[in-house]
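Chains as they are written, first to last, in this note's numbering: chain D, 1 to 273; chain F, 1 to 257.
It should be emphasised that the hints constitute simulated quantities derived from the structure, not laboratory data. Being a predicted model, the structure only gives us computed values, none of them experimental. Ideal Cβ placement from N, Cα and C applies to all residues, glycine included.
Chain D side only, calculated, beta carbon under 7 Å to chain F, not exhaustive:
1. Val-82
2. Lys-108
3. Arg-111
4. Ala-122
5. Tyr-124
6. Pro-136
7. Arg-139
8. Val-140
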Amino acid sequence: MDQQEKETKQSEATEQAGTAEQTATTAQGGSKEVVIKIEHLSKSFGDNEVLKDITLDLYKGENLVVLGKSGTGKSVTIKCVVGLLEQDKGSLKVFDQEVLDLSEQELKELRIRIGFLFQSGALYDSMTVRENLEFPLRRVLKIKDTEEMTKRVEEILEGVGLPDAIDKMPSELSGGMRKRIGLARTMILKPEIMLYDEPTTGLDPITSKEISELILSMQKNYGISSIIITHDIACAKIVANRVLVMSEGEVIAEGTFDELEGSDDELISSFFK
Amino acid sequence: MDQEYTASYKKILVEAGNQVNFMGSFFRNIFRMNFEWNEFVRQCYMIGYKSFPIIGITGFIVGFVMTLQSLPTMKEFGAESYIPKMVAISLIREICPVIIALICAGKISSGIGAELGSMKVSEQIEAMDVSGANPIQYLVVTRVLACIFMVPLLTLMADTLGLAGSFVAVNVSSDVSGILFFHKAFNSVEFGDLLPAVIKTVFFGLAIGFVGCYKGYNSDRGTESVGIAANSAVVSASLWIIVIDGIAVQLTNALGY
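Isolated chain F, as found in the complex:
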């Protein structure tokens, strides 16, 4: 029994060590010569541009549904004029960053995990390595940096479309002008609401990209391991997002934002 515990602790420590090591080689390779700009731009396109539809629709519907659900209660208290403020603050500070990051974990992290996993299985990563090229610089650095850049942008887009969804929902039952709605929404949002949310999404992007790359790059042999890499990438990235969000909330509260 003791041996079993020792073995599982050892396994956890080895895995943690490998992740730290992998993170180290990611950071070391960012600053190496010959940055892969073309591949970085291609990854931004694949990760960012190709995710626009799903992120846009999600952002719009989140704002729309949130407004429709809260409108009756707000009306009961005669506080429907607070809808733009409430929706803007909740979308920008918490709902959009977390929901969009979770969707990105499902779409992007699993995609990267599966792609690198199948490259590992078909010996493409080893082929890069033995040819003298640098697979970490070409495959990992570009993907993780693309996630770090694109996840905040996708979140900002979802914030905007969420507010548009809210405006549409308000106009389903009443008649509010766009100028009034957005004036009230933006007046209620401060720099202190936006900045922590953006910083948080940078870390979400790091987690999404890093976990996907780590799981794919270190997958075992065999086709089954590609599925396992994709699946565990989603699970781990989602978990990291929740953990980072928890820490971020504590930090922003402590800093008075």
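Here chain D stands alone, though its shape is the one from the complex:
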């Protein structure tokens, strides 16, 4: 891709961002509050420049889907958001706080407001489902009362449709169930932002659809703002208020699902085929 082509794509992306902003505004009933603001973010691992110049906003209450080939830096971007990785250049603000400038305690407090669903679910495999869900309650919310803890655990398991899995070990759960429990463990802290790292990867189409609908219900029921990283177009179609396409560490397009699906650009439309 030569420089001129890149510039054209960037300007198209900016134009589409305007439309997207309107879409996001509509999706959240008039609110334009930005919860995550990323500007000119870059990150390298040795000589490998994974993120070149990422700029994106996440509005309150919207679902932003990030599409892109493997290795384009999607997961790196959301790991920077929670401070698991540090960017080399650029600004990354969550709730108006620059993540890099936060102290250890401030970062911990910020992380409580952000949920992160890992690709594998990342359940603690030496603990039962109940212990997995109680883990953040005990340590983050400092809840000691057993009854209250059980109530919260049962409530959230009901919410993800797995009330019977409470005493099971993660090894006894299917891939879809693990993702649901992973989501429950994240949601139990009632985060304001959710970051989903490929939530439907490795699942059959029916389970993928169930997980996608679960993501949508989390947005509707709790008003959560989410960034969803996925390759699954069916999932993107269900959950997205706005879609952003990344390629080679850069944002190449931004818009609604329908706008990008009908794009004339071969690279963009290839994601939707």
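Go by the hints and put chain F onto chain D.
Relative to the frame of chain D, chain F by itself:
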């Protein structure tokens, strides 16, 4: 060529810096609020109680074999009555601490390395971190402290069973009463023999736990790295045990113990 040397020196310095940093966060987290007592007790059970059989058998056989091997020579000099004294001092001062620590490096350090390594690979440690919990306090502090407490206890148990093994070996070819044997053994051991050995095992425990945690916690991605973490944990912990033992011997000699 110079660049290669520079790169490898840099790598060594970075690794040393990371280890010091990790050690620092271990010590900082010991004194933080909300110590994970339940996990600490669970780790003591896993590290200590579950190691009883292998440590017990090893201690007994070391005492038994040592006595059988030295008995003929001692008899030649008519010094077989010195067997309890010789076995007690060598087991308590040197043989049991080092052998038990090396076995613990193989069993415990590799276990911790593999466990934390697989947690890292499956993103469980990152999940703990992003949830706002403290993985160092929950995973590292509890395991290292459990090693520091349990390795000395396991060594003392091995000392006792080693003496029992020696008593059995003596009775294979002659008839010595238990009271006489243990009276002679314990009479020859002084506080100055036991204390340095116990202090030494505390540091062995620290090395075993710390190295296992460091290697596992900082392993790379991929299943291969779990094996590498476990393997390098054993090698590094064993090396540290030998180094600490060398330093401890010099120190005890200098202090007149």
